[in-house]
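A.B. asks: Sequence:
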Amino acid sequence: MEDCLEQDNTGASKGMPMHDDRTLAAERRGLDAEQHVVDGLYSRLDELRDEAARRLGEVRREGPSGSPQNRSERDAFATLYEDRIMQLDAVEDRLCFGRLDMSDGERFYVGRIGLSDAEHAPLLTDWRAPAAQAFYSATAANPGGVVNRRHLTTRGRTVVAVEDDVLDVERLREAGLDEGLAGEGALLAALGARRTGRMGDIVATIQAEQDDVIRAPMTGALVVQGGPGTGKTAVALHRAAFLLYHHREQLERRGVLLIGPSRDFLRYIDHVLPSLGETGAVSTTLAGLVQGVRITGEEADAVASIKGRTDMAAVIASAVRERQRAPRRDQEIRVDGRTVVIRRSDIKDAQAKARREGKPHNQARATFAKEMISRLTTQLMEQLDGLGDADDRMELERDVRDNKTIKIALNLCWLPVSPAQLLRDLFSKAHLLDHAAASMPRRERDLLLRPASAPFTEADIPLLDEAAELLGDMPGDAPRSSSSEATEEELAYAQDVLDTFGGDGMVSAESLAARMKGGESRLSVAERAIRDRTWTYGHVVVDEAQELSPMAWRMLLRRCPTRSFTIVGDVAQVASPAGTRWWPEAMDPVFGQSWTQRELTISYRIPAAVAEAAQAFATAARLPVSELRAARELDDAVAVSRVESRELVASAAAVAARHASDMADGEGGLVAVIVPDAMVAQARATIGASDVEGTTVEVHSARETKGLEFDVAIVVEPAAIADARAGDLYVALTRPTRRLEIVHAEPLPQGLG
1 MEDCLEQDNT
11 GASKGMPMHD
21 DRTLAAERRG
31 LDAEQHVVDG
41 LYSRLDELRD
51 EAARRLGEVR
61 REGPSGSPQN
71 RSERDAFATL
81 YEDRIMQLDA
91 VEDRLCFGRL
101 DMSDGERFYV
111 GRIGLSDAEH
121 APLLTDWRAP
131 AAQAFYSATA
141 ANPGGVVNRR
151 HLTTRGRTVV
161 AVEDDVLDVE
171 RLREAGLDEG
181 LAGEGALLAA
191 LGARRTGRMG
201 DIVATIQAEQ
211 DDVIRAPMTG
221 ALVVQGGPGT
231 GKTAVALHRA
241 AFLLYHHREQ
251 LERRGVLLIG
261 PSRDFLRYID
271 HVLPSLGETG
281 AVSTTLAGLV
291 QGVRITGEEA
301 DAVASIKGRT
311 DMAAVIASAV
321 RERQRAPRRD
331 QEIRVDGRTV
341 VIRRSDIKDA
351 QAKARREGKP
361 HNQARATFAK
371 EMISRLTTQL
381 MEQLDGLGDA
391 DDRMELERDV
401 RDNKTIKIAL
411 NLCWLPVSPA
421 QLLRDLFSKA
431 HLLDHAAASM
441 PRRERDLLLR
451 PASAPFTEAD
461 IPLLDEAAEL
471 LGDMPGDAPR
481 SSSSEATEEE
491 LAYAQDVLDT
501 FGGDGMVSAE
511 SLAARMKGGE
521 SRLSVAERAI
531 RDRTWTYGHV
541 VVDEAQELSP
551 MAWRMLLRRC
561 PTRSFTIVGD
571 VAQVASPAGT
581 RWWPEAMDPV
591 FGQSWTQREL
601 TISYRIPAAV
611 AEAAQAFATA
621 ARLPVSELRA
631 ARELDDAVAV
641 SRVESRELVA
651 SAAAVAARHA
661 SDMADGEGGL
671 VAVIVPDAMV
681 AQARATIGAS
691 DVEGTTVEVH
701 SARETKGLEF
711 DVAIVVEPAA
721 IADARAGDLY
731 VALTRPTRRL
741 EIVHAEPLPQ
751 GLG
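Going by the numbering used here, the sequence shown runs without a break in its numbering and finishes at 753.
Calculated directly from the structure, the hints in this document are not laboratory data. Please read all numbers here as calculations on a predicted model, not as lab measurements. Incorrect hints may appear among the rest.
What the hints assert, rightly or not - So the derived label-pair ranges between C-beta atoms look like this: (1) Ser-645 with Gln-750: 27 to 37 Å; (2) Arg-646 with Asp-212: 43 to 53 Å; (3) Trp-582 with Ala-681: 30 to 40 Å; (4) Thr-534 with Asp-336: 53 to 63 Å; (5) Ala-438 with Thr-596: 31 to 41 Å; (6) Trp-582 with Asp-89: 40 to 50 Å; (7) Ala-302 with Thr-534: 24 to 34 Å; (8) Ile-408 with Leu-384: 22 to 32 Å; (9) Gln-597 with Ala-53: 46 to 56 Å; (10) Glu-92 with Thr-219: 27 to 37 Å.
To be verified - Below are the DSS-like pairs computed for lysine-lysine, each with C-alpha atoms no more than 30 Å apart in a straight line: (11) Lys-404 with Lys-348; (12) Lys-359 with Lys-348; (13) Lys-359 with Lys-404.
All C-beta atoms, glycine included, are put in the ideal place defined by N, C-alpha and C.
Please work from the sequences and hints to get the whole structure.
C.D. replies: Set out below in structure tokens:
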């Protein structure tokens, strides 16, 4: 089976019986015919790109002359044409990947975007359109009118293979379409493809199980539970693109937020959404949502677990309230020879008035300060025995406002503070923590204490965000971005502009009106959203969601008040001490009854022998594994080597070098050496990161490999990995797409031995 997964440039399978000349000729004709179609599609793509470039050039040649309004119109058109060119550039790779032959004789091609000719006749169907749904959901038992589904494999603009999935043989023969069928199925070819370090999107091989999740209704929260290799990430990304396409009105102004577990992971999938024709999504980590803070620290699991609990929200709120203090006694201050009294009662009254406005701490301070300055000014006016007028009051108010002693006194009563400083003070000063977390056991408070210079950790991210929500912007920070939604008059005017200049179908009145608003509105939804901490999204996709703490869920709910979520993960792979091992435990407090769960049960990536070994260990370790069936059978997919402990790293290096050499055939691949945390430095010093004729060898800890995949995974001393956290070993064991090598000195964990 393994041999038949590698495809040569003709689409024939290596290791399979030789085709006769007639079959090869038919396949060649099939390639030539599809190449002709693909050439036509790329020709149309080039025409559209050239047209957009020509119109952009015309707009730019008009220069900066004319009224400000005319210049705004030209700038708006220019930006839209630039966006159109970017969209067309983004779908250059694998523009067309499929063909459907229908029982009624209709044939149409499926690709990344929809294309029509100059007379508006359809040439290419967008993969998200309803007409393309059968490309993913049709089966032999329920073909839905499809007689043949053809997968096209392209390299650049060249068709290098065609593979047919015949769903209704009789109908196909009746239509005379049974000549030139080719391939063993695109799914196995895609599964056998080597990893390159960047996730190849699998639009053309998404099966019905995945398609059902991708097209699920956008109501409430959808939790997708799936074991390793079931395509959770691919499903999440394609669902994001699908929702952006089918719920354009709800999502185009607010966008979609995609949360990934790490920066490495985001780089791994960074081209998937753009390649599907979408740019309205923000891809980031939780840390990426908190601007201006570097996360470099690590802490004990016990500390991270405390910080992840929802009662930390009350601790943060108490710490913010503590910054609104009242003096112990009244204070007399001299102002230009006169005395004013900062009364404790006035401070409390002014603070109460500021709080009633409901603004964040830093913004509400302005109300507090204004009220206190007014009260102190009134005291000075009373000393004029009723002889002062409005001008006198203005002058006295200025004197009060500029008095350094008064400034200090008021700041001590209501001091602006940043989220980072609030957290540093809270965790470094025992008296502040005792006040804010009075209900927390002393043992837990002691665990939270750390030096003020300590770096922030992953578990601090939701706390920083909670503080930012309560504190608001510091004085002088940029205000929240204004809305870019156009009014009816702006839309009407934009339509008049289009009518005057001649609409070409590339620009709508809505998009032109948004561009003409200028400033922030010229940015894409993604650009505006990532700049604005208070932005709320139309939908949120969370990958590796089992790692999120209850405080992290609070953080995400603030960004999507409608609670429209796609949540994917595997509770058996949880590594975070504040994560979840059971979805209802995490989802019920957050979403109540407005969430549903679906499961992906077929692993398309992991060879059956690897899946069986990983499942056996997980079951023995009592991890909450879900059903997992492997779709691939590969010979010799698992190998175990026992060596002396002093030879562990050297033996792993030798195994890695052997596999890298075996794959040095021009296609390249990825080999990962996965070691216990304590061995990472030694292994990297010995093995490093190398490249052998396109095959990369990398060294990782088990946790670093979460969400990634490799052709070969060499797991070193699995017992040590499991001793630290059983879930980490389960992750490591399920990373390979071709072969798992286990190198050990200590006895293997139960289930692997």
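A.B. asks: Against this structure, judge whether each hint is valid.
C.D. replies: Evaluation of the provided hints:
1. A C-beta distance of roughly 20 Å is found between Ser-645 and Gln-750, which places it outside the suggested range of 27 to 37 Å.
2. A C-beta distance of roughly 52 Å is found between Arg-646 and Asp-212, which places it inside the suggested range of 43 to 53 Å.
3. Take Trp-582 and Ala-681: their Cβ atoms lie about 36 Å apart, and the range 30 to 40 Å holds.
4. Between Thr-534 and Asp-336 the CB atoms are about 42 Å apart, so this pair departs from the stated range of 53 to 63 Å.
5. For Ala-438 and Thr-596, the Cβ-Cβ distance of about 40 Å falls inside the hinted range of 31 to 41 Å, so the restraint holds.
6. With their beta carbons about 45 Å apart, Trp-582 and Asp-89 fall inside the hinted range of 40 to 50 Å.
7. Look at Ala-302 against Thr-534: about 33 Å separates their beta carbons, and that is inside 24 to 34 Å.
8. Checking the proposed 22 to 32 Å range against Ile-408 and Leu-384 shows it holds: the Cβ atoms sit about 26 Å from each other.
9. The given range of 46 to 56 Å is respected by Gln-597 and Ala-53, whose C-beta atoms sit roughly 48 Å from each other.
10. Checked against the hint of 27 to 37 Å, the pair Glu-92 and Thr-219 passes, with Cβ atoms roughly 35 Å apart.
11. As the CA atoms of Lys-404 and Lys-348 are separated by approximately 21 Å, the hinted pair is consistent with the 30 Å bound.
12. Distance restraint check for Lys-359 and Lys-348: the Cα-Cα separation of roughly 17 Å lies within the 30 Å cut-off, and the hinted pair is therefore satisfied.
13. Distance hint between Lys-359 and Lys-404 is fulfilled; the C-alpha atoms sit about 26 Å from each other, no more than 30 Å.
In summary, the numbered hints that this structure violates are 1, 4.
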